[in-house]
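As they're listed, the protein sequences go chains A and B. To convert, note that position 660 of the first sequence is 660 in the UniProt record's numbering; the numbers rise steadily by one, no gaps. To convert, note that position 282 of the second sequence is 282 in the UniProt record's numbering; the numbers rise steadily by one, no gaps.
Keep in mind the hints are simulated off the structure, nothing from the lab. Please read all numbers here as calculations on a predicted model, not as lab measurements. Where is the CB? At the ideal position from N, CA and C, for every residue including glycine. Heads up, a few of these hints could be off.
Claimed, not checked - Far from chain A, some chain B residues (derived; all Cβ distances over 12 Å):
{"id": "1", "residue": "I16"}
{"id": "2", "residue": "A72"}
{"id": "3", "residue": "A90"}
{"id": "4", "residue": "L111"}
{"id": "5", "residue": "K212"}
{"id": "6", "residue": "E249"}
{"id": "7", "residue": "D274"}
{"id": "8", "residue": "E276"}
{"id": "9", "residue": "K305"}
{"id": "10", "residue": "E374"}
Unchecked claim - For lysine-lysine, the following DSBU-like pairs were computed, each having C-alpha atoms within a straight-line distance of at most 30 Å:
{"id": "11", "chain 1": "A", "residue 1": "K328", "chain 2": "B", "residue 2": "K359"}
{"id": "12", "chain 1": "A", "residue 1": "K328", "chain 2": "B", "residue 2": "K305"}
{"id": "13", "chain 1": "A", "residue 1": "K328", "chain 2": "B", "residue 2": "K89"}
{"id": "14", "chain 1": "B", "residue 1": "K212", "chain 2": "A", "residue 2": "K209"}
{"id": "15", "chain 1": "A", "residue 1": "K284", "chain 2": "B", "residue 2": "K258"}
{"id": "16", "chain 1": "A", "residue 1": "K208", "chain 2": "B", "residue 2": "K258"}
{"id": "17", "chain 1": "A", "residue 1": "K238", "chain 2": "B", "residue 2": "K261"}
{"id": "18", "chain 1": "B", "residue 1": "K94", "chain 2": "B", "residue 2": "K11"}
{"id": "19", "chain 1": "B", "residue 1": "K411", "chain 2": "A", "residue 2": "K39"}
{"id": "20", "chain 1": "B", "residue 1": "K305", "chain 2": "A", "residue 2": "K403"}
{"id": "21", "chain 1": "B", "residue 1": "K348", "chain 2": "A", "residue 2": "K328"}
{"id": "22", "chain 1": "B", "residue 1": "K129", "chain 2": "A", "residue 2": "K336"}
{"id": "23", "chain 1": "A", "residue 1": "K320", "chain 2": "B", "residue 2": "K261"}
{"id": "24", "chain 1": "B", "residue 1": "K11", "chain 2": "A", "residue 2": "K208"}
{"id": "25", "chain 1": "A", "residue 1": "K209", "chain 2": "B", "residue 2": "K305"}
{"id": "26", "chain 1": "A", "residue 1": "K403", "chain 2": "B", "residue 2": "K212"}
{"id": "27", "chain 1": "A", "residue 1": "K284", "chain 2": "B", "residue 2": "K411"}
{"id": "28", "chain 1": "A", "residue 1": "K39", "chain 2": "B", "residue 2": "K11"}
{"id": "29", "chain 1": "A", "residue 1": "K320", "chain 2": "B", "residue 2": "K293"}
{"id": "30", "chain 1": "B", "residue 1": "K129", "chain 2": "B", "residue 2": "K212"}
{"id": "31", "chain 1": "B", "residue 1": "K293", "chain 2": "A", "residue 2": "K48"}
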Amino acid sequence: MAVNRIRGAFAVPKKGETFELRAGLVSQYAYERKESIQKTIMAMTLGKDVSALFPDVLKNIATADLDQKKLVYLYLMNYAKSHPDLCILAVNTFVQDSEDPNPLIRALAIRTMGCIRVDKMVDYMEEPLRKTLRDESPYVRKTAVLCVAKLFDLNPSMCIENGFLETLQELVGDPNPMVVANSVTALVEIEEAAPETKAFRINPATLKKMLLALNECTEWGRITILTSLAEYRANDQKESEHICERVAPQFQHANPSVVLAAVKAVFLHMRFVGPELRQQYLRKMAPPLVTLVSSQPEVQYVALRNIDLLLQKQPDILSKEMRVFFCKYNDPPYLKLQKLEIMVRIASEANMDQLLAELKEYAMEVDMDFVRRAVRAIGQVAIKIESAAEKCVNTLLDLIGTKVNYVVQEAIVVIKDIFRKYPGYEGIIPQLCQCIDELDEPNARGSLIWIVGEYAEKITNAADILSGFVDSFNEEFTQTQLQILTAVVKLFLKRPDQSQGLVKKVLQAATAENDNPDIRDRAYVYWRLLSSDPAVTKDVVLSEKPPITSTIQSLPPALLDSLLNELSTLASVYHKPPETFLGQGRFGAEAMQKAAIEEQEQNARENPIAAAAAVSGDNATQGNVENLLDIDFDGAAPAALEGQQPISSGGLEDLMGDAPSGSPAPPPGATNNMDDLMGIFGSDGASTAAAPPGGTDDLMNGFGGLDLSASATEAPSQPQGPKKTNQDILGLF
Amino acid sequence: MISGILIFNQKGENLIFRSFRSDCRPRLADIFRIQVISNSQVRSPILTLGSTTFSHTRHENIYLVAVTKSNANAALVFEFLERLRSLGKAYFNKFDEESVKNNFVLVYELLDEILDFGYPQNTETESLKTYITTEGVRSERKMPEDTSKITMQATGAQSWRRADIKHRKNEAFVDVIEDVNLLLSSSGTVLRADVNGQIVMRAYLSGTPECKFGLNDRLTLGEDNIAPPTNNRLGTKATRAAAGSVALEDCQFHQCVKLGKFDAERIITFVPPDGEFELMRYRATENINLPFKVHAIVNEVNKSKVNYSIAIRANYAQKLFATNVVVRIPTPLNTARITERVSQGKAKYEPEQNNIVWKVQRFSGGAEVILNAEATLTSMTNYKAWSRPPISMSFSLLMFTSSGLLVRYLKVFEKNNYSSVKWVRYMTRAGNYEIR
Chain A
1 MAVNRIRGAF
11 AVPKKGETFE
21 LRAGLVSQYA
31 YERKESIQKT
41 IMAMTLGKDV
51 SALFPDVLKN
61 IATADLDQKK
71 LVYLYLMNYA
81 KSHPDLCILA
91 VNTFVQDSED
101 PNPLIRALAI
111 RTMGCIRVDK
121 MVDYMEEPLR
131 KTLRDESPYV
141 RKTAVLCVAK
151 LFDLNPSMCI
161 ENGFLETLQE
171 LVGDPNPMVV
181 ANSVTALVEI
191 EEAAPETKAF
201 RINPATLKKM
211 LLALNECTEW
221 GRITILTSLA
231 EYRANDQKES
241 EHICERVAPQ
251 FQHANPSVVL
261 AAVKAVFLHM
271 RFVGPELRQQ
281 YLRKMAPPLV
291 TLVSSQPEVQ
301 YVALRNIDLL
311 LQKQPDILSK
321 EMRVFFCKYN
331 DPPYLKLQKL
341 EIMVRIASEA
351 NMDQLLAELK
361 EYAMEVDMDF
371 VRRAVRAIGQ
381 VAIKIESAAE
391 KCVNTLLDLI
401 GTKVNYVVQE
411 AIVVIKDIFR
421 KYPGYEGIIP
431 QLCQCIDELD
441 EPNARGSLIW
451 IVGEYAEKIT
461 NAADILSGFV
471 DSFNEEFTQT
481 QLQILTAVVK
491 LFLKRPDQSQ
501 GLVKKVLQAA
511 TAENDNPDIR
521 DRAYVYWRLL
531 SSDPAVTKDV
541 VLSEKPPITS
551 TIQSLPPALL
561 DSLLNELSTL
571 ASVYHKPPET
581 FLGQGRFGAE
591 AMQKAAIEEQ
601 EQNARENPIA
611 AAAAVSGDNA
621 TQGNVENLLD
631 IDFDGAAPAA
641 LEGQQPISSG
651 GLEDLMGDAP
661 SGSPAPPPGA
671 TNNMDDLMGI
681 FGSDGASTAA
691 APPGGTDDLM
701 NGFGGLDLSA
711 SATEAPSQPQ
721 GPKKTNQDIL
731 GLF
Chain B
1 MISGILIFNQ
11 KGENLIFRSF
21 RSDCRPRLAD
31 IFRIQVISNS
41 QVRSPILTLG
51 STTFSHTRHE
61 NIYLVAVTKS
71 NANAALVFEF
81 LERLRSLGKA
91 YFNKFDEESV
101 KNNFVLVYEL
111 LDEILDFGYP
121 QNTETESLKT
131 YITTEGVRSE
141 RKMPEDTSKI
151 TMQATGAQSW
161 RRADIKHRKN
171 EAFVDVIEDV
181 NLLLSSSGTV
191 LRADVNGQIV
201 MRAYLSGTPE
211 CKFGLNDRLT
221 LGEDNIAPPT
231 NNRLGTKATR
241 AAAGSVALED
251 CQFHQCVKLG
261 KFDAERIITF
271 VPPDGEFELM
281 RYRATENINL
291 PFKVHAIVNE
301 VNKSKVNYSI
311 AIRANYAQKL
321 FATNVVVRIP
331 TPLNTARITE
341 RVSQGKAKYE
351 PEQNNIVWKV
361 QRFSGGAEVI
371 LNAEATLTSM
381 TNYKAWSRPP
391 ISMSFSLLMF
401 TSSGLLVRYL
411 KVFEKNNYSS
421 VKWVRYMTRA
431 GNYEIR
């Protein structure tokens, strides 16, 4: 004590928080010591560095007060790394505690030992761990079992040499369900970290034990068991049937995550059972899925994202449950948008009236994003269900009547898509043309102009409308300009008498006054087509377009199948394979980090000075949040990481919004057009193929309704046009 | 799995930081603060940055955050946070910034117990309370047999019940509580009506009683619930309801209920925890008896006037009465003055909520009450459309179930064969009772 006081006098100033804490920690009164420990922990939570108190806190480890012991252990876990040498002083207490008559203390000791990630501690863990794994108390055993996973994380070879893995495998057959669940957890974790150990293999015997434990263990244990059952490939149909039969009762569990885990297990094993049984299970899982929608918002969100996936695989499991997905006024926005997605997916002839009334209601709300999404949903329903089209169009016209700017714009875009599927609604065009002045977004303007061009022969004043746009041609957005160009050419082909001057004017403006290569190129193509054979031009420009089939986004089947294996995980929420946001793959963040650290360590061994320099240099990169998150500043920071950050993670919006990079999923209609376009450009030679690659997105949008595309039946005639143009071009040059 | 649990207050101060894995570093607290708390753009409860995922929920004035580094089970993470919240409530009555600050040692202790290496362990409030207490368990006072019993219970097949409970009087109270949800369109058609019910039990029974529980629903009456949906579903359900049985859409049980037995034989059997617990939750969507019929006319006469005329009729037996009936009628944001007239109760304009609050203390069966009101609006420089939130209603009504559910029997079997007294109570409350 005295020595300590003297050292304190020399080493640190006699005031300040740390000093007071230290004084309290070595006080002769137990309650003062305990209070100081609490204060120390408080300071630690606030992010203050109290590691200097390590020796003083450690002195309080040997106590009969369980609370105090827990606090000291908590401190120890946090700062063990900063004082690895001193940890040895705690070992004795741990070993003693692990033999305490009180099972709570035994468990606490073994639990904490595993969390102190210091080599010296690991050396002493073997004996206590071996004992506690065979403890009479299941509480201690279930704690020790997880400790094996902790040890494996620190020192795999020691874990294997001591036969702990075999012990774990034996404990899967433990009489206590919680020990079984934790053994499975630990084994799955080890298997994941090091597949070569073959730690976890389900055989008929373990399967039986797991199914038995499933009905008895805690809810969390059930999730573990259900998840590993879902990943298990049954040997035959009978086994799958058996698993489904035993898992299905869990649909009735009160914990939503258990329900979701059970759905996952049944859904995956259902693939191997007979069709009749499969239908039965599909019916059985619908009500629990619906119930998930009434849990708290966050769980609901996860559930809705998963339901979205399930519906893409099995579109009609929830067809009768439309009402539960109706948005509540105070649902958070992320829920409302997701509910809309699902409502569109389960829309059918039976429920479309209900749905349309609801969507119209949403379209009158004030949240702009939500309203736009609702309007788009109306269009999706129209294209999905033919008999709904008329009602949808009427609803959209009602909405256009409201004159709310963003509603009108979105409605026009949607109506354009409806025209691409059902050409019979020309009657409404005058109404659309009335709101021409209100459109200020490129997409909406482009859509309206496309409609005008497409139906030019039926619109008496089409020339007037278009001439207005041609006058201000150079002030328009690129996307709109492209549409104007096409629409005017269509008009000319359909009514050559009215618009000769107009077409000349627009081609002039597009070629001479415009510096956007896309527009110039398209204008040249038209010009040359027009100056050649008008019949061929008609074939190309006015060719019949294949109708679009759906505007509802869905995932490519391969991705969908892989995501169904990930039900209820983050991947299923993002609708992206885990590698893309976690990066455990070849270019993954984790692997990258490991490689970088290894490199760093190698450097450090070879050349300590350079490594130090690299560390200091790396500080400059700390502005980048992603780097900050991924770099493990354990020993030396990896300088090599900078500039190699492989994953895009600009935030959630990005992750959610984009289709996965490997497998884009544009609506089929667009793809069609795109392919055709490519064909034309390809045969057109270098002059038109010069479009900048960056502009593809624009092209996709702009060409969504472009008439250059030819249907399959027209295909034979198609090459003639471009070839001719090609020759023309050659001639010109 | 879960790498760490963090708790923040609204200002972004870190109240609790507990890491369970070595990859959860203190600086993550700063990142969450910057990226979520001080970023008003965040709309989703999940945020992945780099390979770190933050899953958060808000409760009172604190953020509960789980940090994960892997492709974690998102449903589990959120449900765990929810469980943490309810544990906090059970321990401190109110789980907010103040109680976390005052009890941070206990919060750490709890976290240490309910999560190990990031895997949730036992989260049953009752059994946790036996060994994590506010006074602190002194190991010298507790006898070793005691603690081994506690740990046996915490891990056993019946983690929710001690073996040696004795009550002088053996009683069981069953409360059937229904939240009725209604969404009525402005034209008065029912868009959605359903019932979320829960059966809460307070069991004070000695020994290890095995209970059997029966309702008047089709599930437990042993009829086939997976009947093919083709054969005129609506019709059959209606006739059954008339015959005195209720069709429950779905039900969930407390973990004490033997799910396997329910699945096979449609019998609810369980060994109850001691004290209060939620035995089951259910959903019903067919044949809902709406306790109140609401007829609302909201008329935006012009830019400076809105007229309200709302009539509510009680649709239950005369001898019953609803209490605490509160109707909230939203008004435009620029309301200057309200004049209102009611036939019963009190109506008051609450400017800070933009609501007319109409309270009727006692609403007897068959009665009809009417409110007429006129809102005068101030003119605004830039006119913004009014979002017209729905009119909402709250009430509670005893001895009435919207779904028609009744408890048929509750049998208690115990080896001592004592007799027990059972009480049943029904209540219907408003869930989301909304009129557009």
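Results of checking the hints against the structure:
Here B/I16 does not stay apart from chain A, with its beta-carbon only about 6 Å from theirs, under the 12 Å limit. The non-interface label for B/A72 is inconsistent with chain A: the shortest C-beta to C-beta separation is roughly 6 Å, within 12 Å. The Cβ of B/A90 lies farther than 12 Å from every Cβ of chain A, with a closest approach of about 16 Å, so its non-interface assignment holds. Once the 12 Å rule is applied to beta carbons, B/L111 is inconsistent with being away from chain A; the minimum gap is 9 Å.
Annotated as non-interface, B/K212 keeps its C-beta farther than 12 Å from every C-beta of chain A; the closest such distance is 17 Å. Taking the minimum C-beta to C-beta distance to chain A, about 5 Å, the non-interface status of B/E249 is violated against the 12 Å cut. Every CB of chain A lies more than 12 Å from the CB of B/D274, the least distance being 18 Å, so the non-interface label holds. B/E276, annotated as away from the interface, keeps every beta carbon of chain A farther than 12 Å; the closest lies near 15 Å.
Every beta carbon of chain A lies more than 12 Å from that of B/K305, the smallest distance being close to 20 Å; the non-interface claim holds. Every C-beta of chain A lies more than 12 Å from that of B/E374, the closest at about 23 Å, which supports listing it as non-interface. With a C-alpha separation of about 23 Å, the suggested pair A/K328 and B/K359 falls inside the 30 Å cut-off, and the hint holds. Between the alpha carbons of A/K328 and B/K305 the distance comes to roughly 27 Å, so the proposed pair stays at or under 30 Å and holds.
Restraint check: the Cα-Cα separation between A/K328 and B/K89 comes to about 27 Å, which is no more than 30 Å; the hinted pair holds. The suggested pairing of B/K212 with A/K209 holds, with an alpha-carbon distance near 28 Å, which does not exceed 30 Å. For the proposed pair A/K284 and B/K258, the alpha carbon gap of about 18 Å is at most 30 Å, so the pair holds. At most 30 Å may separate the alpha-carbon atoms for a hinted pair to count; A/K208 and B/K258 meet this at roughly 18 Å.
Restraint check for A/K238 and B/K261: the C-alpha separation of about 22 Å stays at or below 30 Å, so the hint holds. A hinted pair counts as satisfied when its Cα atoms are at most 30 Å apart, and B/K94 with B/K11 qualifies at roughly 19 Å. A C-alpha spacing of about 53 Å is found between B/K411 and A/K39, which places the hinted pair above 30 Å, so the restraint is violated. Note on B/K305 and A/K403: the hinted pairing holds, with a Cα-Cα distance of about 22 Å set against a maximum of 30 Å.
Our distance criterion of 30 Å between C-alpha atoms is met by B/K348 and A/K328, whose separation comes to about 25 Å. A threshold of 30 Å between alpha carbons decides the hint, and for B/K129 with A/K336 the separation of about 39 Å lies outside it, so the pair is violated. Distance check on the hinted pair: A/K320 and B/K261 sit about 28 Å apart at the alpha-carbon level, within 30 Å; holds. A C-alpha spacing of about 51 Å is found between B/K11 and A/K208, which places the hinted pair above 30 Å, so the restraint is violated.
A C-alpha spacing of about 71 Å is found between A/K209 and B/K305, which places the hinted pair above 30 Å, so the restraint is violated. Taking the CA atoms of A/K403 and B/K212, the gap is about 62 Å. The hint is violated against a cut of 30 Å. Proposed proximity of A/K284 and B/K411 is supported: the alpha carbons are some 29 Å apart, at most 30 Å. Only pairs whose Cα atoms come within 30 Å are accepted, and A/K39 paired with B/K11 is accepted, the gap being roughly 22 Å.
This hinted pair checks out: A/K320 and B/K293 have alpha carbons roughly 26 Å apart, not beyond 30 Å. Simply put, B/K129 and B/K212 have alpha-carbon atoms about 27 Å apart, close enough for the 30 Å limit, and the pair holds. Between the alpha carbons of B/K293 and A/K48 the distance comes to roughly 60 Å, so the proposed pair goes past 30 Å and is violated.
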